[in-house]
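K.L.:
The whole structure should be built from the sequences, with the hints applied where relevant.
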Amino acid sequence: MTIVKQAWQELRSQPVIGAITVTGTALAIFLIMVVVMTGNIKTATIAPESNRNRMLHERHMALCNLNGDGSGSSLLSYRMAKDLFCDLESAEVTTVYSSDPWRASARVAAQKPVKIDMRQTDDNYWKVFDHTFLSGRSYTAEEVASHARVAVISEDIAKKLFGTTDCTGREILINMFNPVEVIGVVRDVPTVTNFAYSSVWLPLNETGMADSDWFGGLMVTILARDRGDFKTIIDETERRKEIVNTRLKADNRVIADHIVPLDSEAIHLARYSNIGPDVKSHRNRKLAVYLILLIIPAINLSSMTHSRLRRRVSEMGVRRAFGCTRSRLTATIISENLIITLAGGIAGFILSAVVTWLMADTLFVNHQLATPDTRVSVGMLLNMHTFLIALAACFVLNLLSSGLPAWRAARISPTRAIGGLQK
Amino acid sequence: MKRKLFKQLLHEWRSNLWIAVELLVVSVVLWYVTDYLTVQAIVLSKDQGFDAENCYMVSYSYLSESNPMYDSSDTTLEAKNGHFLQMTDRIRNFPGVEQLALCSHTGVPYKQNSWIVNLTRYAGADTTVISGTNIKQVSPEYLTMLRIKGPGGETPEELAKVIESGRCIISGGIYILTGYSQEKIDLALEKGACQNPSQLVGQSFMCEAFSTSDSLRIGAVKCPAKRTEYELPSEDIMIPLRLDSDNFPIIMIRVAPDAAEGFEDRFMAAAEEHFRGGNFYVTEAEALADIKEITQADNNEEVRNFIVVMVFILTSIFLGITGTFWFRTQQRTGEIAIRKVNGATPASIMKRLLSEGILILAIVTPAALFFDWLLCHYQLNTPLHWLEPYFSPPRFFIAAAIVFALLALMITAGILFPAIRAMRTDPATALKDE
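Going line by line, the protein sequences match chains L and P. FYI, in my numbering the residues of the first sequence are 1 to 423. FYI, in my numbering the residues of the second sequence are 1 to 434.
Hints are computed from structural coordinates only; laboratory data are not their basis. All the pointers check out, no bait thrown in.
With a straight-line Cα cutoff of 27 Å, these simulated DSSO-like cross-link-like pairs (lysine-lysine) come out: (1) L:115 with P:292; (2) L:280 with L:42; (3) L:231 with L:286; (4) L:42 with P:111; (5) L:42 with L:127; (6) P:351 with P:7; (7) L:241 with L:127; (8) P:4 with P:351; (9) L:42 with P:292; (10) P:46 with P:226; (11) P:111 with L:115; (12) P:149 with P:161.
P.N.:
Take a look at the structure:
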């Protein structure tokens with residue numbers, strides 16, 4: 001409590017410096033947390049992707065010619081998805097679905113069409129992702145196999161087309177001429193859960209796809225029983241790969257090494273089909289950004305802590321003369337400073353959540369989709385993970401900015417300090 | 001005066017060292033950011049090579065056999081072609097549509113689709129190679145719709161006639177080599193030994209990736225075009241489009257400027273009734289400007305992030321300088337008062353404080369330049385192109401000058417507030433204890 005009082009008095013005695021210190025700290029924590037939150041939203045537990053920590057994904061297929069004179073790569077075909085990743089013994093379930101939703105229109109007969117994002121999926125999709133059904137149900141394996149003309153639609157589209165979510169059994173026309181029956185309505189999906197996102201879902205029609213044996217427009221998500229099973233699952237897919245390769249070798253081809261199921265962090269870095277994601281360099285880049293965002297304000301704050309302590313040199317001398325040890329003095333200064341850092345840190349953390357939330361539609365927008373509304377809530381941004389990172393950033397910043405000045409201040413000889421000779 | 005300034009700097013070396021270290025770190029990071037932004041600005045300033053304003057890509061689909069409206073007579077390629085052209089005619093005649101062009105998937109601006117080929121022509125020992133060029137199949141209107149011009153002032157209409165006559169248009173990438181191998185092309189690329197493409201007009205080339213039997217005759221030269229605004233112009237070859245397979249081409253349209261507002265909605269409202277041709281039907285009209293936004297979203301985000309980092313760093317510097325000089329003027333109240341008593345004007349006090357800050361920056365700058373150079377030496381900065389050097393003296397010094405100016409500005413702004421307070425010091429109050 002004494003430390004808090006002392007820190008408060010310190011701020012009051014030097015209001016300008018106090019304000020600058022708190023602002024500097026808040027600014028640093030604010031930017032670090034914006035970077036953390038924007039990255040974290042891709043891997044955090046957010047419904048309907050509540051099982052992200054148990055998911056492995058693959059969207060690409062790449063083939064190399066055995067004689068080394070070329071290669072080809074694109075998205076997965078239905079056959080490759082089935083042969084490599086479906087019905088794995090080591091996994092709970094695998095779903096096959098269109099890699100990206102595509103824009104289309106939907107309307108009720110004689111009404112104006114609305115823009116939709118459309119995705120084709122198998123029945124397992126509804127087991128891997130936990131969409132909330134407001135009415136009706138998802139499609140079954142039999143409906144997928146028989147190419148049934150049914151659809152699950154989002155709450156937003158249901159309200160636009162029918163004015164209610166209670167519309168199962170009604171017919172809509174996709175792209176003007178394709179009638180389908182609505183069998184289920186789900187709560188709107190945030191676009192940041194991009195594998196679960198769409199506004200209309202249809203049964204996967206593999207026969208209607210213009211894909212080759214190797215390449216198509218699909219991806220898979222494998223749901224592991226436990227995160228610890230990832231290695232076993234990857235090993236099993238590698239064995240599947242060898243079986244498929246024996247077939248491909250007849251055509252002088254093999255599957256490229258980088259075609260391996262990826263976890264929720266890596267899949268977002270797998271932008272190109274011809275090369276695997278570079279997770280290590282991505283992490284290094286992120287670390288460099290954090291270091292820049294920490295070190296520059298730390299030097300600043302350190303300079304100010306140093307100046308503040310110079311004004312309290314006689315106090316240090318008196319405390320030392322009365323038996324306070326150097327380590328105790330150092331610890332006290334660092335703790336006092338921590339109070340100020342935490343004050344700035346809390347301000348920065350709150351500010352980062354508010355700004356990220358307010359700017360969510362700009363920060364997370366996916367121009368490819370028909371909807372510009374990302375549906376990001378504050379709850380998605382604030383979780384234990386982001387809170388712990390903010391706290392850790394405060395501790396590091398505090399240690400960097402007060403460690404050296406505190407150590408120097410504690411080493412001043414008491415007689416010189418009381419005499420005002422701080423050098 | 002200058003000696004006194006140096007002495008004072010040395011006297012307060014501890015706090016000045018903090019500022020110097022901070023300025024050094026900040027200067028190097030800012031240089032990296034400025035260098036990146038300079039490269040982006042140079043690339044963005046290059047001509048795009050076409051004009052896609054008010055242009056749209058029209059997507060279409062084909063009814064499946066299970067659809068109740070499926071036209072079962074649409075079985076032969078001739079019938080399908082006829083229906084496809086029926087649909088394009090109807091789109092062309094829609095009010096507001098100025099032009100309609102067809103192209104292969106590589107021809108859509110901003111989509112970044114490529115089909116990179118080499119074209120070769122053997123003449124004795126020499127081989128002429130048109131290397132690494134993106135092949136696009138286009139209808140003649142493609143040239144006029146996107147207003148593509150030639151380097152010699154050839155108009156889009158003149159270039160369209162070349163395609164109409166069955167000849168091709170190239171934009172560069174010409175290498176005359178003795179013998180032919182990929183290594184030789186790579187070497188020529190590195191040396192930048194590209195020849196003037198206009199000398200090849202009238203010559204025929206083979207493009208084995210495209211056709212093993214037909215040769216391509218060069219009819220004209222066009223300016224290189226960018227794939228996106230963030231890429232440098234690259235080479236392409238345009239060849240006449242033929243409707244001879246089930247791979248139907250991309251449809252693009254240009255809309256009159258006065259019809260652009262609300263065009264998409266009007267167009268799609270008419271789609272069901274007007275744009276069907278057999279089993280073909282229109283599904284979407286997407287502005288090329290929107291496709292550009294999608295493709296360039298990552299680049300835009302990167303530039304935005306770099307600018308945010310830059311603003312953050314400059315704000316940090318501002319706060320740091322303000323804090324340090326606030327203390328300094330507090331400590332020097334007595335000294336400032338004595339100087340005022342001895343005739344110093346408020347302006348001279350301000351000048352003295354500003355000089356201190358700028359002098360520290362000037363002392364730090366050579367060291368910062370050395371670290372900037374190291375970034376170039378170890379190829380950690382951003383090159384203009386993978387073939388261009390990482391260290392380019394004009395770019396290096398332009399970025400350094402911008403960084404110096406920005407930091408000087410922040411230092412001035414940071415010192416201003418404490419300096420004004422120092423200027424207002426009342427000597428009688430400040431020295432009353434003496």
